[in-house]
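Generate the whole structure from the sequences, applying the supplied hints.
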Amino acid sequence: MRALVGICLLAIGALVPGAAAAQETEALRKELEQMRKQFETMKDGYEKAINQLSDRLKTLESRPAAPAAAPAAVPATASREQTLSQAQPGITINPMELARPREPYALFERRGPGQLLFDIGIVSDFVGNFTQRNVDKANAGTFPGRENRFFPREVEVNLFGRIDPWAEGVVRFEFAEEFEDGQRATEAALAEAYLTLLTLPFGTQLRLGQMPVRFGLLSHLHREALPQIDPPNVLTRFLGEEQFRETGVELAWVAPLPVFLEGIVGVFNGDNETSFGRGKLSRPLVTGHLRTFFELGDFGAIQLGASVANGDTEERKRNTLLGFDAKYRYKPEGWQHSLLTLLGEAIFQNRRVNVLGEDTDGDGVQDTPDETRIRERWGWYVGAELQPFRSGWLSRLAGGFRYDWTEFPTQRGHEWSAGPYLAFSPSEFLRFRLGYKHTERDKRDGFTDNESSARKVDEILFQATFFLGAHPAHPF
Amino acid sequence: MRILAGLLSTSLLALGLWAAGGEAAAKIRVVTTTTDLKALTEAVGGDLIEVDALARGSQNAHDLEVRPSLMAKVRRADLLVTNGLDLDQWAEIVVRGANNPNVLFGAPGRVDASAGIMVLEVPNTRVDRSMGDVHPFGNPHYTADPGMAPVVTTNILEGLVRVAPQHRAAFERNRQEFLARLAQAMTRWSAALAPFKGAKVVVDHNMWPYFLTRFGLVQVGTIEERPGIPATPGHLAKLVASMKENKIRVILAVPWGDYKLSEWVAQETGAKAVLVASAVGAVKGADSYLDTIDYNVRTVAQALK
Chain A
1 MRALVGICLL AIGALVPGAA AAQETEALRK ELEQMRKQFE TMKDGYEKAI NQLSDRLKTL
61 ESRPAAPAAA PAAVPATASR EQTLSQAQPG ITINPMELAR PREPYALFER RGPGQLLFDI
121 GIVSDFVGNF TQRNVDKANA GTFPGRENRF FPREVEVNLF GRIDPWAEGV VRFEFAEEFE
181 DGQRATEAAL AEAYLTLLTL PFGTQLRLGQ MPVRFGLLSH LHREALPQID PPNVLTRFLG
241 EEQFRETGVE LAWVAPLPVF LEGIVGVFNG DNETSFGRGK LSRPLVTGHL RTFFELGDFG
301 AIQLGASVAN GDTEERKRNT LLGFDAKYRY KPEGWQHSLL TLLGEAIFQN RRVNVLGEDT
361 DGDGVQDTPD ETRIRERWGW YVGAELQPFR SGWLSRLAGG FRYDWTEFPT QRGHEWSAGP
421 YLAFSPSEFL RFRLGYKHTE RDKRDGFTDN ESSARKVDEI LFQATFFLGA HPAHPF
Chain B
477 MRILAGLLST SLLALGLWAA GGEAAAKIRV VTTTTDLKAL TEAVGGDLIE VDALARGSQN
537 AHDLEVRPSL MAKVRRADLL VTNGLDLDQW AEIVVRGANN PNVLFGAPGR VDASAGIMVL
597 EVPNTRVDRS MGDVHPFGNP HYTADPGMAP VVTTNILEGL VRVAPQHRAA FERNRQEFLA
657 RLAQAMTRWS AALAPFKGAK VVVDHNMWPY FLTRFGLVQV GTIEERPGIP ATPGHLAKLV
717 ASMKENKIRV ILAVPWGDYK LSEWVAQETG AKAVLVASAV GAVKGADSYL DTIDYNVRTV
777 AQALK
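Chains A and B, in that order, are what the protein sequence lines are.
Numbering (our numbering) for the first sequence: 1 to 476.
Numbering (our numbering) for the second sequence: 477 to 781.
Worth flagging that the hints you see were computed from the coordinates, not collected in a lab.
Treat the hints with care, as some may be off.
Label-pair distances were calculated between CB atoms; the ranges are [said to hold, decoys possible]:
1) B:Asp604 <-> A:Phe324: 36 to 46 angstroms
2) B:Asp588 <-> A:Glu180: 48 to 58 angstroms
3) B:Asp588 <-> A:Leu430: 23 to 33 angstroms
4) A:Arg36 <-> B:Glu597: 16 to 26 angstroms
5) B:Met607 <-> A:Arg149: 33 to 43 angstroms
6) A:Leu430 <-> B:Leu712: 20 to 30 angstroms
7) B:Glu568 <-> A:Leu304: 19 to 29 angstroms
8) A:Arg184 <-> B:Leu712: 44 to 54 angstroms
9) B:Glu568 <-> A:Phe432: 22 to 32 angstroms
10) B:Asp588 <-> A:Phe160: 12 to 22 angstroms
11) B:Asp604 <-> A:Arg352: 47 to 57 angstroms
12) B:Gly674 <-> A:Pro152: 51 to 61 angstroms
13) A:Glu428 <-> B:Ser718: 20 to 30 angstroms
Nothing here was measured: the structure is a model prediction, and the numbers come from that model.
For glycine and all other residues, C-beta sits at the position ideal for the given N, C-alpha and C.
This is how it looks when you write it as structure tokens:
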């Protein structure tokens, strides 16, 4: 077949421009000669490979025969082979090939007859922590209800690919250990399912379905893609423990400019567990995101973003979040990873809340009326990561630090946390992290389950993440 | 607030119109993933096109950081030329973020330069990631071999003709002129390396099979134990022993590799580690495609003397 391809190439090389101008004849002859040489080189290579394979075959044939397969299995396999061969004339099915276990990555990487027309990727993200007894009892750690445990935070099955010439689709199923109503359970859920229309005019793309909302720097990332083991507290307080996912539509536009400028607007149901829970398109959650990017010299680069989200809370009160983010990376010449990454984000909230009237004099009668008040709250974080070695095994080692400070969205008070971490990635598809996190709150209220409380929390956090199969590169 | 929003919208609209107006009068915008493809595209397109490469010559094109600035380049491209064979898979993320339907996979403005290449090292058994960052479609570094340029430039020519059919004659003329220069240089390169036919070399990364095959040299080992995975001490010990036994005199190292390690192995074995240009612009003096091959041929010939 390859020889045939080579001959075809020679023929094409000889025929295509042949009849053109006379001065091209010499150039064509040279080109043909080059291709002939190339073909000869390849032919030699294949002859060698064929000879080697023949030798191996002879060696194998000279060995004693392998034990026969189980008698019952033979007719069944043969029958299947015959059926398939009849269904597809000219194709010989090897029963051993059919029986071979197939991992998703094998399916992804096999591009022969019967290939999959989409990609499969699996991500398993396990996290764990050690903390104090009172924190464990009060369910007041970074992973509430799962203190002093090692558990699957996110096991994702990702299916993605082109739907047709105009659209692509993503479907993501997620399995995770959750803690709800005092119970731990492993739950399966449809995490994402959306299509993207790719060929709209004016540099626009439309996403439709259940998707991560592009608000800020980290809230739309899958948990395993976070730069640290856990999301910053400010994101957890304002957007909940889960990734910021919504069902609706999002329109993105990239300006046709030398500088990157992207604008995104979205309209969603509003199903967020913390800030936008009304869940009605009649009063939708509306989001916007603007992002730009500048190269700073040959090796540095900074990305700046601003986001807004406006919708109703579960109490049917208006809530607006504003976000600002920045990320800087420095990657010296010849390095395959960034030496330094700096990132930070701030979120501001303007939220209407119901405040019940109070019985001020203790006579059992409400003295002040119920009213709507505005809660203006905010929080922020900054982080840095250093991957100081250029090459070799040490280059797989990274260290970082994060500090975050946040108010609580509806209650008074604030908390801050800080902690370093180390990461080691033996390959692109395997990563381990170990970190320490200290959290301090200015009150115990809200962190007082099981007659215990936790104002100060110290935790050792650890994480193991692996990827099977297709795993697209993460953007900047 | 409304005034601010109005001003912002007007500015963006004005910028968009300015950019669109500029596009109409400009040359054909081509973006390539590597600098080798940029040089070959320039050779075919000549003055009629404007080419930008996403990766710098000194970068490892297997694993490029997907920066939004790359998306901005692709956003305005009429043609995107990719290496294919899984070398530049990251280009899909760039294209997705660029919102440019002209260069989507399958669109007329998309060229896979590997079409028609006789690919080396195509796995004929099952592959998985225990083998490292293995390429299931075969070795993707075909542009290191100048003998592949006729096929690559044919693919580029076809792509350019798809987006600018009125310039077909000019593109074909440019290509023929380039191939004529290449043929002359090829004679010179073949003569320079002819005395070393059959010489054995070690490489840091397995990216030279096309180049070595072209000039009759033989690769007998790699410093990387598996593609994309750093060498283990056990592998290095075996490699050093093997190099001593086979009297290997040259190690070819790429600019983005671990050159210190190559030098260490060279020191242990009495060989010489030389820096070769993994792409156009990877080292000083490798400014064009012909210069790059010229540099590599001279460097290897010098080291093998």
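Against the structure, the hints come out as follows:
Hint check: Asp604 of chain B to Phe324 of chain A, Cβ distance near 44 angstroms, so the stated range 36 to 46 angstroms holds. Remark: the range hint 48 to 58 angstroms for Asp588 of chain B to Glu180 of chain A is upheld by a beta-carbon distance near 49 angstroms. With their beta carbons about 30 angstroms apart, Asp588 of chain B and Leu430 of chain A fall inside the hinted range of 23 to 33 angstroms. The given range of 16 to 26 angstroms is respected by Arg36 of chain A and Glu597 of chain B, whose C-beta atoms sit roughly 22 angstroms from each other.
Look at Met607 of chain B against Arg149 of chain A: about 35 angstroms separates their beta carbons, and that is inside 33 to 43 angstroms. Separated by about 22 angstroms at the C-beta atoms, Leu430 of chain A and Leu712 of chain B satisfy the suggested range of 20 to 30 angstroms. Between Glu568 of chain B and Leu304 of chain A the Cβ separation comes to about 25 angstroms, which falls inside the hinted range of 19 to 29 angstroms. Checked against the hint of 44 to 54 angstroms, the pair Arg184 of chain A and Leu712 of chain B passes, with Cβ atoms roughly 47 angstroms apart.
Between Glu568 of chain B and Phe432 of chain A the C-beta distance comes to about 28 angstroms, which sits within the given range of 22 to 32 angstroms. In this structure the supplied range 12 to 22 angstroms holds for Asp588 of chain B paired with Phe160 of chain A, their Cβ-Cβ distance being about 20 angstroms. In this structure the hint that Asp604 of chain B and Arg352 of chain A lie 47 to 57 angstroms apart at CB holds, the actual value being about 55 angstroms. Between Gly674 of chain B and Pro152 of chain A the beta carbons are some 55 angstroms apart, a value that agrees with the proposed interval 51 to 61 angstroms.
Distance hint check for Glu428 of chain A and Ser718 of chain B: the Cβ-Cβ separation is about 28 angstroms, which falls inside the suggested range of 20 to 30 angstroms.
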